[in-house]
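**Student:** If you read the sequences in order, they're chains H and L.
So the first sequence is numbered by this note's numbering: it starts at 1 and just counts up by one.
So the second sequence is numbered by this note's numbering: it starts at 1 and just counts up by one.
To be clear, the hints were calculated from the coordinates, so they are not data collected in a lab.
Take these hints with a grain of salt, some might be off.
[Stated by the list, open to error] Which bits of chain H does chain L cover? Going by a derived footprint, with three or more residues having C-beta under 8 angstroms, they are:
hint : stretch
1    : 24-32
2    : 37-45
3    : 73-83
4    : 109-123
Every residue, glycine too, gets a C-beta built ideally from N, C-alpha and C.
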Amino acid sequence: MSPHLVLRVVAKMLIPLIALFAFYVQFHGDFGPGGGFQAGVILAAGIILYALVFGIDAAKKAVPPSWIRIGMSFGVLLYGGTGVATWMLGGNFLDYTQFAPESTHAAGQHWGIFAVELGVFCTVTCAMLAIFYAFGSRTPELSDEDW
Amino acid sequence: MHFSPIFILDFGLMAMLLVVAFAVVRIRSLFAIVMLQGVYSLLSAAWFVSLDAVDVAFTEAAVGAGISTVLMLGAMLLTDRQAKPIPVHQKMGPFLVVVVAGLAMFYAIGDMPAYGDALSPANAYIGAEYIEATKREIFIPNVVTAVLASYRGYDTFGETVVIFMAGLGVLLLLGLNGNAGKWRAKPNGHNIGEGAPTPARNPVENEPKPVAKSTKAKRTAKKTVGVKS
């Protein structure tokens, strides 16, 4: 892949912006369009771009497969755990008002939505990367006529 | 009929979608088809933006044009570069299905509510309640997030688990490292998997095939992928 100098330079400039945009979409999802799912897919797309341009081994050094296994499960556990936490506080499953029942501006809802969106973000990013790693690790190096 | 800029934009996007769809059907090069599917997703995303469905457009652009294009490319590299031409008599069945389904949709157009109709079922009953209650109960401006994460938290939990299961299924079948190079296959004649050749369960599969039997060799290679994954 060494001949693709322009691709490498442009990708290196774009990947941090893609990651930043993913986090913007994630944490600004209450106010603008987007949320955990979109942010997760955007972050995964950034890492996949890195893998496409610099090789899948470099990507596996940056985001090791062991993180992916943990992240995928952590996201679902965080979402489910938020529900269990509301149970423990005496409410229904995923009844976020229990986090701050006295709040006049629904702070409990904000915390609950923040937690579950973070869970969705973790699971989606890691699941997308898992599928890409699973397929990409089997793919031969791209020969030049494939581009 | 009035020709506002939005109308012309929608018309142009729809026309481009139609052209891309026909191109996908006609082209034989799988690489071009995968790329055109990405173009199709991006055009749909642009159209969703013009319909004010920004959240959907976001997802379509990221998933349809980004991730699925890459996954299709990965799958294509493992199989073949060209689609086999299909004889006309095998195309008649699918064509009939498409025509019947298309006619049914044209028949249903009459029942569609007008764009932005406040009295349409989607906007009138529970939709209006959500829009009204979000301001009062959740205090966030984006009603879509409020519905997804709070009012319909159960459904989103289910979706998250579905995505988790999809990733888990792929990992169980293929492994994160593609079995770490412990397998070999020869799609299109070139070798995949740099690791040392494993002792083959069926020695015939690893024998070098003569060039004349290339189609058979390809079939065997595909079988190898299936057997050893």
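**Student:** Closer than 8 angstroms Cβ to Cβ for three or more residues is the test here. Does the stretch 109-123 of chain H pass it with chain L?
**Tutor:** holds (count 9)
**Student:** Quick check: the stretch 37-45 of chain H, covered by chain L? Criterion 3+ residues, Cβ under 8 angstroms.
**Tutor:** holds (count 6)
**Student:** Please verify the coverage claim for the stretch 24-32 of chain H: does it have three or more residues whose C-beta sits within 8 angstroms of some C-beta in chain L?
**Tutor:** Holds: 5 residues of the stretch 24-32 of chain H have a Cβ under 8 angstroms from chain L.
**Student:** Has the stretch 73-83 of chain H got at least three residues whose CB is nearer than 8 angstroms to a CB belonging to chain L?
**Tutor:** With 6 residues in contact (Cβ-Cβ under 8 angstroms with chain L), the coverage given for the stretch 73-83 of chain H holds.
Violated hints: none; the structure is consistent with every hint.
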